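Okay, here's what each chain looks like letter by letter:
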Amino acid sequence: MRSWYTRVSLGLAILLGVATILTTLAACGSPSQSSGPVQLTFWSFNQQITEQAAIFNRTHPNIHVTALKEPSGPNQYYPKVISSVNAGNAPDVALIEYQYIPTMVSNGALVDISQYGANSVKSQFASSAWSQVTRGSAVYGIPQDTGPMGLFYRKDIFQRAGISSPPATWAEFAQDAVKIHSLGPNYYITAFPPSSTGWLQSLMWQAGATWFSIDTAHNAWKVSINSAASKQVAAYWQDLLNRGLVSTVADFSNDWGAALDKGTIASWPSAVWGQGVVTSDAQDTSGKWAVSPMPQWTAGANVSGMWGGSAISVISGTKHPKEAAEFAEWYLTNTQSLTIGVKEIGWFPANLAARSFPEVTSPNPFFSNQVIDTIFANANVPATWTWPPDLTTVNKDMGDDVNSAVANKTPLSGALDQLQQQVIQDLHNNNINVES
Amino acid sequence: MATTPLDLDQRSRREPENQRLVGARLLSTKNIAAYIFLLALTVYFLTPLYWLAISATKNNTDLFSSFGLWFAHFNLWQNLYETFTYGNGEYVRWIINTALYAVVGGFLSMLISVMAGYALAKYNFPGRSLVFTLVLGAVLVPPTTLALPTYLLMSKVHLTNTYWAVLLPALLSPVGVYLARVYATAAAPDDILDAARVDGAGEFRIFWQVALPLLRPGLITIFLFQFVAIWNNFFLPLVVLSDPTLFPINLGLATWNFDPASHELLFNLIVTGSLISVLPLIVMFLVLQRYWRAGLAFGSVTG
Numbered sequence: 033m034r035s036w037y038t039r040v041s042l043g044l045a046i047l048l049g050v051a052t053i054l055t056t057l058a059a060c061g062s063p064s065q066s067s068g069p070v071q072l073t074f075w076s077f078n079q080q081i082t083e084q085a086a087i088f089n090r091t092h093p094n095i096h097v098t099a100l101k102e103p104s105g106p107n108q109y110y111p112k113v114i115s116s117v118n119a120g121n122a123p124d125v126a127l128i129e130y131q132y133i134p135t136m137v138s139n140g141a142l143v144d145i146s147q148y149g150a151n152s153v154k155s156q157f158a159s160s161a162w163s164q165v166t167r168g169s170a171v172y173g174i175p176q177d178t179g180p181m182g183l184f185y186r187k188d189i190f191q192r193a194g195i196s197s198p199p200a201t202w203a204e205f206a207q208d209a210v211k212i213h214s215l216g217p218n219y220y221i222t223a224f225p226p227s228s229t230g231w232l233q234s235l236m237w238q239a240g241a242t243w244f245s246i247d248t249a250h251n252a253w254k255v256s257i258n259s260a261a262s263k264q265v266a267a268y269w270q271d272l273l274n275r276g277l278v279s280t281v282a283d284f285s286n287d288w289g290a291a292l293d294k295g296t297i298a299s300w301p302s303a304v305w306g307q308g309v310v311t312s313d314a315q316d317t318s319g320k321w322a323v324s325p326m327p328q329w330t331a332g333a334n335v336s337g338m339w340g341g342s343a344i345s346v347i348s349g350t351k352h353p354k355e356a357a358e359f360a361e362w363y364l365t366n367t368q369s370l371t372i373g374v375k376e377i378g379w380f381p382a383n384l385a386a387r388s389f390p391e392v393t394s395p396n397p398f399f400s401n402q403v404i405d406t407i408f409a410n411a412n413v414p415a416t417w418t419w420p421p422d423l424t425t426v427n428k429d430m431g432d433d434v435n436s437a438v439a440n441k442t443p444l445s446g447a448l449d450q451l452q453q454q455v456i457q458d459l460h461n462n463n464i465n466v467e468s
Numbered sequence: 004m005a006t007t008p009l010d011l012d013q014r015s016r017r018e019p020e021n022q023r024l025v026g027a028r029l030l031s032t033k034n035i036a037a038y039i040f041l042l043a044l045t046v047y048f049l050t051p052l053y054w055l056a057i058s059a060t061k062n063n064t065d066l067f068s069s070f071g072l073w074f075a076h077f078n079l080w081q082n083l084y085e086t087f088t089y090g091n092g093e094y095v096r097w098i099i100n101t102a103l104y105a106v107v108g109g110f111l112s113m114l115i116s117v118m119a120g121y122a123l124a125k126y127n128f129p130g131r132s133l134v135f136t137l138v139l140g141a142v143l144v145p146p147t148t149l150a151l152p153t154y155l156l157m158s159k160v161h162l163t164n165t166y167w168a169v170l171l172p173a174l175l176s177p178v179g180v181y182l183a184r185v186y187a188t189a190a191a192p193d194d195i196l197d198a199a200r201v202d203g204a205g206e207f208r209i210f211w212q213v214a215l216p217l218l219r220p221g222l223i224t225i226f227l228f229q230f231v232a233i234w235n236n237f238f239l240p241l242v243v244l245s246d247p248t249l250f251p252i253n254l255g256l257a258t259w260n261f262d263p264a265s266h267e268l269l270f271n272l273i274v275t276g277s278l279i280s281v282l283p284l285i286v287m288f289l290v291l292q293r294y295w296r297a298g299l300a301f302g303s304v305t306g
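Protein chains in written order, with the numbering used here: chain A, 33 to 468; chain B, 4 to 306.
Note that these hints are calculated values from the structure, not bench results.
Hints may be right or wrong, so weigh each one.
Mimicking DSSO-like on lysine-lysine, the simulated pairs with C-alpha atoms at most 30 Å apart in a straight line are [what the hints assert, rightly or not]: (1) A/354 <-> B/159; (2) A/320 <-> A/154; (3) A/320 <-> A/294; (4) A/154 <-> A/294; (5) B/159 <-> A/351; (6) A/320 <-> A/211.
Quick list of simulated restraints, FRET-style, between CB atoms [unchecked claim]: (7) A/394 <-> B/70: 34 to 44 Å; (8) B/144 <-> A/351: 30 to 40 Å; (9) A/371 <-> B/296: 35 to 45 Å.
A quick note: this is a predicted structure, and the numbers were derived from the prediction, not measured.
For glycine and all other residues, C-beta sits at the position ideal for the given N, C-alpha and C.
Using the sequences and the hints given, assemble the complete structure.
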C-alpha cells in the first residue's frame, strides 16, 4: 500500500516540477520588466501573426510587441477583451471586427487614436473601410481587411439553365432563379439563410439602408431598421421565398456545402473571403465557378455591400497608447507586414497600395484563372453604414425574428418592424440614448 | 436519496433463493422495454462520438459535402500529421498543458477533498454542520458563474496568464468534499480508527495509513470527477489565460476556428484534434472503471 502512495507522490512531484519550469518559461516571455523597451501585447484571432511582430521588434528597438493568438468566436473573444479591460489586464492592441467597434466603444474599451497621428495614414485606406473605424473626429482603429461583396456562381449550372451572362440586376437574378429552379425541384439559384444576420445586413447595406446612425453632438443613436430601403430588400426575398425559388438551408452547414458542391445551390452573394469557403467546401468543382459584381438595384449602377472586415485598435488601459498606435499604423502600412498579411494570413487588404500586390491581382486557378479579387476591389461600398452599440443583442433578436418569419411564413417586413421596436427597447434598457 | 437501490438490497437479502429466477425474468416484457431504453440511450450517447471518429478521417471538402455518418476519402493520417505539426506543433503543447491541469489539479483536488470530507465525517467540532451546509450550498453554484470573480481575484494578485490561474481554482471541489464525507462515514469505521488510536498512532498517521487505503474507491471517483471537470472546463481558462502556449486543448482548438480574414480553413484539424482530446478520457474511464463503479454504488446506497 505504501508503494502506491510513494509512486503517486513521486509522479506528482515530477508534474509539479514541470509546472514550475513551464511557468518560469512563460514568465520570461511576459512583459514585466520596468526598464528596457516598451512592452506591448497584441491580441488577434488571425493565424500566423507572430512573424509581423518579429519584424516590427527588429526594426523598432524601443518597442517590443508580443503577439498572441486568441480563441475567435464573437461569444468568446469580445467578452474576453471587455473583461480584461475591466480587470486592468487588457492587451495594448487588438484585432476588432468593424461590426464590434461601436459595441466596444460603448463599453469604453477602445482608445481614440486620432491624437496619435492616425489621421495621417487615412489617405492610404479605402474610404468605406476608414468610415468603419471613425465616429465624428474620433478614430478607433486602423482598417486591416475588408469584405466587399460579389456574386459567386456556378457557370456550368447557369449555362445548363440557359443563362448566358450572370445577372446584372436583382430583377434579372429573380428571372434566373426561375430558370434554375426549372432544372429540378432541388435546384435553387441561392439560399436565403434566415440565421445569417451579417449576410442579410450586407444586402441591406448594398440597398442603401443605414440601420444605425449616431448624432455625435448629442451622443444619441437613431435606429432605422424598418426603413424603405430595408423593406425593399425584404420584399424582394419575400417574393422569392413565396415562389419557392430559394432554399432556406443554413449557410456554412453540411447540407449547404454539399449543395454548393452538387450545384443545387447555384450561386452565393458573398464577401471576398467567400472564395476560401467555396474552394474548400467544394474542392471538386474547380473550374466551374466564376465571380461577377453584385446584382444591382438600379441597372448600370455599381454599388456593393460589405460583409466582415476588421481593424487594429488600441485598447483602453494601455500604459503606452502612443507606441500602441504606432504599432497599429506600422502593421497596416508597412509593405513587409502587409505582404505577410495578404500572402500568409489571407487578408483582402483595406490598404489601397496592398490591393496591387501580385497576390491580389493574379488569376485564380480555381475560378478558371479569373482575376476575381479585382471584382471585389472595384466593388463600390457606400460609406454610410454604422454598426449598433450592442451588436450581440441586435443579432440575437434579428436571428430570432427572421427565423420565425421564415418558419411561420409571416412577412419579413413585419420582422423588421418588430426588430426596430426590440432594438430601441434594448438600447433603452442598456441606458443608451436613443433619438426617436 | 437512494430508495430504489435500498429496496433491491432488502429484497435480495430476504429472498436469496430467488436468485435463479432473476435469469428467467430477464426476458419479461418489463426487461425488454428496459433493454430497448438502454439501447436507445447507448445510441444517443455514442452517435456524436461515432460522428467524430468518422469525421476525423475526412478532408475539409468531404466534411461538408459527404454523408456525415459514413466514410469518404480516407484522410486520417494526413489530418493527424497536420494536427500535430500545424503552427509549430502548438497542439502538442496544448495536450501537455491539459494533462498537467487535469492530472495535477485532479490529484490535489482529490487530496484536499478527502481531507476535508474525512474531517467532516470523523471529527466532532463546533460549526461542523454549518461548514457541511456551506459545502452543500456551494455544490449548487455553477462554476461558470465563478469564472469572472476568479479572474478579477487572480488579476489582483497578478496570477493571470500563468499555470496557477487554472490550477488554483481547480483545487476546490465542493462535490468532491461532499462525496468524500459520505465515503468516509461509511468506509472508515470508527472502530478501526479507534483501534489505531489505542495502538498509539497519531491522527495524521491514522488518516494517511488507515483511512486513506479504505477510501481508495471513493478517492478514484472524486479524482475522475475533477479530472473530467478540468479537462472540459472552457470558460475559466478562456478568461484567465491569454498566452496560447498556456492554453488547454479546447481553448487551443478554438483559436483554429473559422476566421474570415484567413484563407486557411482548419475544420479537419479541429475535428481530428477533438477526437484525440477525448481519447485520454475514454482510456481513463476504462482503466479505472473497477474503482469508479465501486465508488458510485457506495455513494448511492449510503447517501
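Next on the checklist: Just to be sure I understand the hint, the distance between the Cβ atoms of residue 144 of chain B and residue 351 of chain A should be within 30 to 40 Å; is that true here?
Outcome noted: Roughly 36 Å apart at Cβ, these two residues keep to the hinted range, so it holds.
Checklist entry - Holds or violated: are the alpha carbons of residue 154 of chain A and residue 294 of chain A at most 30 Å from each other? => result violated (44 Å)
Item to check | Restraint check for residue 354 of chain A with residue 159 of chain B, where alpha carbons must lie at most 30 Å apart | outcome: holds (26 Å)
Next on the checklist: Can you confirm whether the C-alpha distance between residue 159 of chain B and residue 351 of chain A stays at or below 30 Å?
Outcome noted: Distance of about 17 Å is within 30 Å: holds.
Next on the checklist: Taking the Cβ atom of residue 394 of chain A and the Cβ atom of residue 70 of chain B, is their distance within the range 34 to 44 Å?
Outcome noted: holds (36 Å)
Next on the checklist: Can you confirm whether the C-alpha distance between residue 320 of chain A and residue 154 of chain A stays at or below 30 Å?
Outcome noted: violated (39 Å)
Checklist entry - For the pair residue 371 of chain A and residue 296 of chain B, does the Cβ-Cβ distance stay inside 35 to 45 Å? => result 60 Å Cβ-Cβ, so the 35 to 45 Å window is violated.
Item to check | Given pair status - residue 211 of chain A, residue 320 of chain A, alpha carbons within 30 Å | outcome: holds (18 Å)
Checklist entry - Given the proposed pairing of residue 320 of chain A with residue 294 of chain A, does the C-alpha separation stay at or below 30 Å? => result Between residue 320 of chain A and residue 294 of chain A the Cα gap is close to 11 Å, so the pair holds against 30 Å.
Of the numbered hints listed earlier, those contradicted by the structure are 2, 4, 9.
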